[in-house]
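K.L.:
Sequence:
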Amino acid sequence: MKGIIKFISLLVFLTFFLCSTDADTCDPIITQKLTGRKIRNEPQWEVLIKPTCWCQYSNATLACTGFKTVEPLDSNVITRTSADVCSIVNSFYIESPPTFTYAWRKPYNFTKISYAIACS
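The sequence shown maps to residues -23 to -1, 1 to 97 in mature numbering (1 follows the signal peptide of the UniProt record, and there is no 0).
By construction, these hints were calculated from the structure, which means they are not laboratory data.
None of these values were measured; they are calculated from a predicted model.
The reader is advised that the hints may include incorrect statements.
Unchecked claim - Here are the computed lysine-lysine pairs in the BS3-like style, where the Cα-Cα straight-line distance is at most 25 Å:
1. 27 to 45
2. 83 to 27
3. 10 to 27
4. 89 to 27
5. 89 to 45
6. 15 to 45
7. 83 to 10
8. 10 to 45
Please put together the full structure from these sequences, using the hints given.
P.N.:
Pasting the structure below:
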C-alpha cells in the first residue's frame, strides 16, 4: 500500500511539474540545422520548434522581419501573416513539434513573439 501511495504522489508531482504553465519552464525552443540540400543554389535549413512541456501549444507566432527564402514555406506548417510576423498554423505537442524548411545563404534568427499553452 505504501508503494502505491508513493507512486501516486510521484505521478501527481510529475504531472504538475511537466504541465507547468510557467513561461520560463515551458518556453518552446527553436533550433535550426542544415539539411545538406541546395534550393536554387542556396543551402536549405530545417527549423524545429520544440515544446518543453507535455501541453498543447497554439497560436504561436515568430518574429520574421527581414526573413528571406528562395523556397516557398510549407503553408500547412507556417504562414507569413505580415512583413514582421509568421504564424504556426496548427496546435502542437511535445511528441509532434512543427518543422519547416527554407533556403537562404545564412540562417535566420527566428524569435518567439507569443504562444498559448494549455495543460490538462
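K.L.:
Against each hint, give a clear statement of whether it holds in the structure.
P.N.:
Quick rundown of the hints versus the structure:
no. : hint     : result
1   : 27 to 45 : holds, 22 Å
2   : 83 to 27 : holds, 21 Å
3   : 10 to 27 : holds, 13 Å
4   : 89 to 27 : holds, 12 Å
5   : 89 to 45 : holds, 17 Å
6   : 15 to 45 : holds, 15 Å
7   : 83 to 10 : holds, 11 Å
8   : 10 to 45 : holds, 16 Å
The structure is consistent with each of the numbered hints, conforming to all of them.
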